[in-house]
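Chemist: Listed below, chain by chain, are the residues.
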Amino acid sequence: MNLNRRFSIIFIIIILITSIFFALYYFLIIQRSFIEHLDKETKQLNELILLYEQKENELNLLKKDFQSDTFRKELPKYFDSKNIINRSFEKSEFLGLFKGLLNSRTTLIEQLEIRVNTKFPFVFDRLEEANIDFYLKVGDLIE
Amino acid sequence: MKLEKLNLYTKKIPKISLQKFLVYLAIALIPFISIMFYSFVWSQWKINEIAIKYPKVFNIVSVNDIKNAPQIIKSEIVNYNNKILGITKKIESYHDYYNETLRSKYFLQVLLNEFNNITSENNNTEFFIDFIQLNSNKYFVRFYEFSESPQLKIEDIIKNLKVIYKDPSIYLNSTKTLFGTFKMFEYILEGSL
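If you read the protein sequences in the order shown, they are chains A and B.
In terms of numbering that gives the first Met the number 0, the first sequence opens at residue 0 and continues consecutively.
In terms of numbering that gives the first Met the number 0, the second sequence opens at residue 0 and continues consecutively.
To be clear, the hints were calculated from the coordinates, so they are not data collected in a lab.
Given the structure is predicted, the values throughout are model-derived calculations rather than measurements.
Be aware that a few hints might be false.
List time: in silico DSSO-like cross-link candidates among lysine-lysine, alpha-carbon distance up to 30 Å [claimed, not checked]: (1) B:LYS175 / A:LYS39; (2) A:LYS81 / B:LYS137; (3) B:LYS82 / A:LYS54; (4) A:LYS136 / B:LYS55; (5) A:LYS62 / B:LYS45; (6) B:LYS45 / A:LYS39; (7) B:LYS182 / A:LYS54; (8) A:LYS39 / B:LYS152; (9) A:LYS98 / B:LYS152; (10) B:LYS82 / A:LYS62; (11) A:LYS72 / B:LYS45; (12) B:LYS52 / A:LYS72; (13) A:LYS54 / B:LYS89; (14) A:LYS39 / B:LYS52; (15) A:LYS63 / B:LYS89; (16) B:LYS89 / A:LYS42; (17) B:LYS88 / A:LYS90; (18) A:LYS63 / B:LYS82; (19) A:LYS98 / B:LYS89; (20) B:LYS73 / A:LYS54; (21) B:LYS175 / A:LYS90; (22) B:LYS175 / A:LYS118; (23) A:LYS42 / B:LYS82; (24) B:LYS158 / A:LYS98; (25) A:LYS98 / B:LYS161; (26) A:LYS136 / B:LYS137; (27) A:LYS136 / B:LYS82; (28) B:LYS88 / A:LYS54; (29) B:LYS55 / B:LYS89; (30) B:LYS89 / A:LYS81; (31) B:LYS137 / B:LYS165; (32) A:LYS136 / B:LYS45; (33) A:LYS90 / B:LYS152; (34) A:LYS118 / B:LYS152; (35) B:LYS158 / A:LYS54.
All chains, please: the whole structure from these sequences, using the hints.
Modeler: Below, the structure is given as structure tokens:
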């Protein structure tokens with residue numbers, strides 16, 4: 000089978016030019032923009048993953064810090080009802096509790112009332128006999 | 000006789016065989032195939048480069064499924080944004096809790112620290128806290144200083160308290176002579192949380 004030479008050559012030239020144009024268009028426009036887009040989105044996701052990991056570490060440190068507070072752990076044994084201590088203490092027991100309360104970073108005081116009962120104002124000699132009315136309500140962390 | 004017109008059939012149409020045509024067509028497609036092949040190799044090379052640069056992302060997205068990678072990455076971006084929002088709220092709740100905790104006891108820490116400083120410098124001065132009250136919006140402390148003259152540095156305490164509280168106030172409520180020159184000064188510390 001023979002074909003018209005002129006039309007065949009024109010056809011081949013058209014195929015050659017259009018295929019080159021298509022290949023260049025595919026490479027320079029479609030493929031490059033796909034890669035650029037992928038790079039940009041991957042970078043964005045990578046930043047988010049790093050940020051999330053950083054936040055996760057921060058939260059773990061805060062949780063660890065919160066859980067490592069021994070005073071907070073021991074406090075429930077003094078509770079008379081939920082989160083409330085309402086009773087009288089002797090001086091030494093009170094001082095231990097009060098010191099712990101002030102130094103604890105995780106014990107939130109919601110309500111506090113302390114009244115020292117002693118022979119006032121001559122307090123110094125008889126301070127060991129002091130009796131302290133103590134009302135404390137502590138707060139809870141709500142995540 | 001002239002030998003000018005040897006081609007006696009001038010209107011003959013030049014022809015090409017189908018085999019030759021196909022060979023020429025194949026040759027014409029070589030640049031296209033080359034560019035497409037180069038494009039494929041280049042994209043694989045770039046994808047590998049991205050995968051090496053961001054390994055954490057490619058733990059989630061498979062390199063083999065690269066055609067769907069943009070969609071997967073987009074949904075992961077949304078997913079991570081939500082996760083970050085959630086974790087940020089949790090962190091904020093911890094910080095708020097720590098700040099509230101500090102606010103609930105800072106006035107006592109400042110006051111006791113001041114007492115400690117004064118009594119360590121001056122043996123003849125003693126302090127006694129009689130009453131402390133704190134509720135959701137106010138604090139109140141009544142305390143006494145036993146000394147010959149007031150040693151309490153009210154301005155320093157106020158300055159320290161103003162770091163956290165808006166309107167701290169501390170004032171001398173009454174003075175009582177106990178014996179000789181030894182006096183008892185009653186102070187009130189109060190303010191809003």
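Chemist: Evaluate each hint against the coordinates.
Modeler: Here is what the structure says about each hint:
Proximity of LYS175 (chain B) to LYS39 (chain A) is assessed by CA-CA distance (about 76 Å); at most 30 Å being required, the pair is judged violated. The hinted pair formed by LYS81 (chain A) and LYS137 (chain B) meets the criterion: a straight-line CA distance of about 23 Å does not exceed 30 Å. In summary, the hint linking LYS82 (chain B) to LYS54 (chain A) is supported, as the alpha carbons are separated by about 10 Å, within the 30 Å threshold. Among the hinted pairs, LYS136 (chain A) with LYS55 (chain B) is inconsistent with the structure: their alpha-carbon atoms are about 46 Å apart, more than 30 Å.
Restraint check: the Cα-Cα separation between LYS62 (chain A) and LYS45 (chain B) comes to about 41 Å, which exceeds 30 Å; the hinted pair is violated. At roughly 13 Å between alpha-carbon atoms, LYS45 (chain B) and LYS39 (chain A) fall within 30 Å of each other, so this suggested pair holds. Our distance criterion of 30 Å between C-alpha atoms is broken by LYS182 (chain B) and LYS54 (chain A), whose separation comes to about 56 Å. This hinted pair does not check out: LYS39 (chain A) and LYS152 (chain B) have alpha carbons roughly 60 Å apart, beyond 30 Å.
The straight-line distance between the Cα atoms of LYS98 (chain A) and LYS152 (chain B) is roughly 23 Å, inside the 30 Å bound, and the hint therefore holds. The hinted pair formed by LYS82 (chain B) and LYS62 (chain A) meets the criterion: a straight-line CA distance of about 18 Å does not exceed 30 Å. Taking the CA atoms of LYS72 (chain A) and LYS45 (chain B), the gap is near 55 Å; set against the 30 Å cutoff, the hint is violated. Taking the CA atoms of LYS52 (chain B) and LYS72 (chain A), the gap is near 45 Å; set against the 30 Å cutoff, the hint is violated.
A C-alpha spacing of about 10 Å is found between LYS54 (chain A) and LYS89 (chain B), which places the hinted pair at or below 30 Å, so the restraint holds. Pair hint LYS39 (chain A) plus LYS52 (chain B) holds up; C-alpha atoms about 12 Å apart against a cutoff of 30 Å. Between the alpha carbons of LYS63 (chain A) and LYS89 (chain B) the distance comes to roughly 14 Å, so the proposed pair stays at or under 30 Å and holds. Distance hint between LYS89 (chain B) and LYS42 (chain A) is fulfilled; the C-alpha atoms sit about 26 Å from each other, no more than 30 Å.
Between LYS88 (chain B) and LYS90 (chain A), the direct Cα distance comes to roughly 41 Å. Violation of the 30 Å bound is thereby established for this hinted pair. Proximity of LYS63 (chain A) to LYS82 (chain B) is assessed by CA-CA distance (about 20 Å); at most 30 Å being required, the pair is judged to hold. Annotation: proposed proximity of LYS98 (chain A) to LYS89 (chain B) holds, straight-line Cα distance about 29 Å (limit 30 Å). Under the criterion of a C-alpha separation no larger than 30 Å, the hint pairing LYS73 (chain B) with LYS54 (chain A) is consistent with the structure, at around 21 Å.
Note on LYS175 (chain B) and LYS90 (chain A): the hinted pairing holds, with a Cα-Cα distance of about 26 Å set against a maximum of 30 Å. For a cut-off of 30 Å, the pair hint linking LYS175 (chain B) to LYS118 (chain A) stands: about 16 Å separates their Cα positions. A C-alpha spacing of about 18 Å is found between LYS42 (chain A) and LYS82 (chain B), which places the hinted pair at or below 30 Å, so the restraint holds. A distance of roughly 24 Å separates the Cα atoms of LYS158 (chain B) and LYS98 (chain A); the hinted pair therefore holds under the 30 Å criterion.
Taken as a hint, the LYS98 (chain A) and LYS161 (chain B) pair is honoured in the structure, with Cα atoms around 23 Å apart against an allowance of 30 Å. Only pairs whose Cα atoms come within 30 Å are accepted, and LYS136 (chain A) paired with LYS137 (chain B) is accepted, the gap being roughly 15 Å. For the given pair, LYS136 (chain A) sits about 34 Å from LYS82 (chain B) by alpha-carbon distance, which is inconsistent with the 30 Å threshold. Pair hint LYS88 (chain B) plus LYS54 (chain A) holds up; C-alpha atoms about 10 Å apart against a cutoff of 30 Å.
As the CA atoms of LYS55 (chain B) and LYS89 (chain B) are separated by approximately 24 Å, the hinted pair is consistent with the 30 Å bound. For the hint linking LYS89 (chain B) to LYS81 (chain A), the alpha-carbon distance of about 24 Å falls within 30 Å, and the restraint holds. A distance of roughly 11 Å separates the Cα atoms of LYS137 (chain B) and LYS165 (chain B); the hinted pair therefore holds under the 30 Å criterion. For the hint pairing LYS136 (chain A) with LYS45 (chain B), the CA-to-CA distance comes to about 62 Å; that exceeds 30 Å, so the pair is violated.
For a cut-off of 30 Å, the pair hint linking LYS90 (chain A) to LYS152 (chain B) stands: about 27 Å separates their Cα positions. In summary, the hint linking LYS118 (chain A) to LYS152 (chain B) is supported, as the alpha carbons are separated by about 27 Å, within the 30 Å threshold. With a C-alpha separation of about 34 Å, the suggested pair LYS158 (chain B) and LYS54 (chain A) falls outside the 30 Å cut-off, and the hint is violated.
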